[in-house]
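Undergrad: Order-wise, the sequence lines are chains A and B.
Residue 71 in the UniProt record's numbering sits at position 71 of the first sequence; the count goes up by one each step and never skips.
Residue 302 in the UniProt record's numbering sits at position 302 of the second sequence; the count goes up by one each step and never skips.
In short, the hints are calculated from the structure, not lab data.
Nothing false has been slipped in among the hints.
Over 10 Å on every C-beta distance to chain A, these chain B residues come out as not near it, computed from the model:
#1 TYR60
#2 GLY102
#3 LEU122
#4 VAL162
#5 ASP172
#6 GLY205
#7 ALA206
#8 ALA225
#9 GLN231
#10 LEU236
#11 PHE310
#12 VAL318
#13 SER321
Simulated crosslink set (EDC-like; lysine to aspartate or glutamate; CA at most 20 Å straight-line):
#14 LYS425/A x ASP178/B
#15 LYS327/A x ASP120/A
#16 LYS327/A x GLU61/A
#17 LYS431/A x ASP228/A
#18 LYS241/A x GLU402/A
#19 LYS432/A x GLU82/B
#20 LYS145/A x ASP228/A
#21 LYS389/A x GLU360/A
#22 LYS425/A x GLU272/B
#23 LYS127/A x GLU360/A
#24 LYS199/A x GLU252/A
#25 LYS431/A x ASP90/B
#26 LYS83/A x GLU70/A
#27 LYS432/A x GLU272/B
#28 LYS431/A x GLU272/B
#29 LYS42/A x GLU61/A
#30 LYS347/A x GLU61/A
#31 LYS127/A x GLU340/A
#32 LYS425/A x ASP90/B
#33 LYS201/A x ASP163/A
#34 LYS145/A x GLU101/A
#35 LYS270/A x ASP163/A
#36 LYS432/A x ASP68/B
#37 LYS299/A x ASP266/A
#38 LYS334/A x GLU132/A
#39 LYS432/A x ASP90/B
#40 LYS339/A x ASP361/A
We put the CB at the ideal spot given by N, CA and C, even for glycine.
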Amino acid sequence: MSVIRRRLRTVAVAALAAGVALGSTACSKSNDDEAGEGGQVKLVLQTFSNFGYDQAIKDFEAANPTIKVEHQRMGELRDFQPKLVQWLAAGSGAGDVVGLEEGVLLQYVQNHDKFTNLLDLGAGELKANFPEWKWNNALTPDGKKLIGLGTDVGGLAMCYRKDLFQQAGLPTDRETVSQRIKTWDDYIALGREYKASGKVKAAWLDSATSLMQPYVMQNSEVFFFGKDNSFIGDTNPVIRKAWDTGLQMAAEGLTAKAQRWSADWDAAFKNNAFATIPCPAWMTEGIIAQRSGPTNAGKWDIATIPGGGGNWGGSYLAIPAQTKHPKEAYLLAKYLTSKEGHLAAFKEAGAMPSSIPGIEDPAFKGKTSEYFSGAPVGQIFGDSVKNMKPVFLGAKHQQVWETIVEPQMQAAERGQLSSAAAWTKAMDEAKKVSAG
Amino acid sequence: MSSTVGAAPPRRAATPARHRPQPRRSSYRLGRWDLKYSPYLYVAPFFVLFGIFGLFPLLYTVYVSLFDYELLSGTREFAGLENYRVLLADAQFWNAAYNTVGIFVLSTVPQLIVALLLANLLNRQMRGRTLLRMGIVVPNITSVAAVGIIFALIFADRYGLVNWLLGTVGIDPVAWRDNRYASWLAIAFMVDWRWTGYNALIYLGAMQAIPRDLYESASLDGASAWRQFWQITVPLIRPTILFTVIISTIGGFQIFTEPLMYGHGMVRGGAEHEFQTLAMYIYEQTFTGNAEYGYGAAMSWLLFLMIIIFALINFALVRRSVKGEQK
Chain A
1 MSVIRRRLRT
11 VAVAALAAGV
21 ALGSTACSKS
31 NDDEAGEGGQ
41 VKLVLQTFSN
51 FGYDQAIKDF
61 EAANPTIKVE
71 HQRMGELRDF
81 QPKLVQWLAA
91 GSGAGDVVGL
101 EEGVLLQYVQ
111 NHDKFTNLLD
121 LGAGELKANF
131 PEWKWNNALT
141 PDGKKLIGLG
151 TDVGGLAMCY
161 RKDLFQQAGL
171 PTDRETVSQR
181 IKTWDDYIAL
191 GREYKASGKV
201 KAAWLDSATS
211 LMQPYVMQNS
221 EVFFFGKDNS
231 FIGDTNPVIR
241 KAWDTGLQMA
251 AEGLTAKAQR
261 WSADWDAAFK
271 NNAFATIPCP
281 AWMTEGIIAQ
291 RSGPTNAGKW
301 DIATIPGGGG
311 NWGGSYLAIP
321 AQTKHPKEAY
331 LLAKYLTSKE
341 GHLAAFKEAG
351 AMPSSIPGIE
361 DPAFKGKTSE
371 YFSGAPVGQI
381 FGDSVKNMKP
391 VFLGAKHQQV
401 WETIVEPQMQ
411 AAERGQLSSA
421 AAWTKAMDEA
431 KKVSAG
Chain B
1 MSSTVGAAPP
11 RRAATPARHR
21 PQPRRSSYRL
31 GRWDLKYSPY
41 LYVAPFFVLF
51 GIFGLFPLLY
61 TVYVSLFDYE
71 LLSGTREFAG
81 LENYRVLLAD
91 AQFWNAAYNT
101 VGIFVLSTVP
111 QLIVALLLAN
121 LLNRQMRGRT
131 LLRMGIVVPN
141 ITSVAAVGII
151 FALIFADRYG
161 LVNWLLGTVG
171 IDPVAWRDNR
181 YASWLAIAFM
191 VDWRWTGYNA
201 LIYLGAMQAI
211 PRDLYESASL
221 DGASAWRQFW
231 QITVPLIRPT
241 ILFTVIISTI
251 GGFQIFTEPL
261 MYGHGMVRGG
271 AEHEFQTLAM
281 YIYEQTFTGN
291 AEYGYGAAMS
301 WLLFLMIIIF
311 ALINFALVRR
321 SVKGEQK
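The following block holds chain A by itself, in its conformation from the complex (with noise of 0.2 Å):
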């Protein structure tokens, strides 16, 4: 009996340190071997939000069948972006076609030695496909790299509430509408007049903060930083101006404070608090008929943003060096950024294409929302592309808005503090983020 179970113990010794002796190796056992059976190539995409890539994918490999795409999705920007970060520093695990956004892609031009160069790959005959702003913001400053080709823009229109329009006796006709706000102050000036009706108690606006990124977009060329990426924010007089304007829009009563992205926000869509928002393309379908709601069917209405035309947001997708498959990887990014992977992404999830053919396709152009009473998105968005100017926005745009100076004008906005308080704190600290 001792015998046998000291035969046993010893067998079981020798079996635990073999395990631990395996366990330790398999961490240092690369995993990339991807190239399977059949000379199969496997590329890992990775997005943020919703690409609507899901069509685009399949169209892709039965073009491709010897590559097969892994599509991982990895929450918002602000959940993928820190984890990015990681991977391009430690060497791995960063997809082989990864998605930026426009607000984060000037800190990886600026670092451009972690993405392969689209131009070696043969870029460079696509230029002609895409704005000459899109295509130089992802191009490093001497013009010899491209880290990126962009997927979507984010032309501006102003969705707003027929039925709200209707009840506090405003036009809802999108052609009137769209006259009746030419400018922003022609915008204020239709909203006091829906405040005074005094028959409806939805706000005008959802918040302040929404007027800065179409007024600023639409009046400097430049955001928070200067061409050299020095901090101007605080010295821009368009942001000051944005800023007022938007806090004084509040204090008459005319926004209904909503944070922007909070539960309180998704809930105000459903709860009818506001008649207007300034949206993007990517907004329409992804955001506002999703948070309205199935009831609210109908009851909106696009027309075109005050000051004729305007870019919030849009994004690129590029290569990190660190891919296996830089040809495969490059084949993947070039479908979906042509016109074919982009009217795709526009079909699934409303993303405006970037590329000229795409805009002007008919499949984009001729295309109505039935969720917004038909509204001609293809049409209307197309056209605020067409008057869009580049706006330089700098290495740290995203940091700076999403995670300083919005959050103190929102705080302004519900009254935490003063308006000339919350900026002081808010360039301070944009200013700290900026040297840092």
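Starting from the structure of chain A, add chain B where the hints point.
TA: Just chain B now, with coordinates in the frame of chain A:
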């Protein structure tokens, strides 16, 4: 425990071997080695894994904290104690520390007291006992993220359940995020919802090990149930209470997901950082913006020290206030 288990059988095995005419030398030596070294091998897996996943990261964090190390740009310059110097003067760090301690106190103290009382109730003979005992741990097995999302909705300023309920009895809506203490309270509520049952179950386990006759003789001497609870139950489960206090301190100081979800997924933790905890600030510095790895590492180390200090303070406090058996 492990050493007696490991050592006992060979002793028995060795005795008959002496009476055997010719013990095989090699197997005898093997037996000696077995006796001497196998206990270490048995416990080795823990230490090997701890070394790889515990000790190494810990020491590496110290190393990284001495550098000006930015992940995205790849800057990596030796900076000595500069990170620590900047950190001690960083108002946002101290704000985060204040929030963390506040949320910790607000959540842990009621949590452990309620858990103790709950365990005492469940320690009785009653119908559906097992069901109830299992029921109180159910919150603990729900996903933190799901809990966070739901509580963020319940405590929404405008369309939230709590403000609606308050409204029905004529109380003004509370600004659940703009008011620092209201936000702490809501987050503490979330933590307690998940962890009270878990701690109650641990207490219950300890209570069941207390001999019944102690209570019987106390009853005979006329001690009330309340007195029995304080004079018998609590002192006898004191080691368990200390255990839960330490574990809660460790967990409470690292609180991250609850306040993050409560702030709609923003690491800022409120417009004015009303509920940004240390873990959130570490995340903000380390993984967003410039990805300041060195600075984040320095902060992680200070957090580690704070946890040790607070765990020791709590340990001393509880040991002094709960009188155990004097041995």
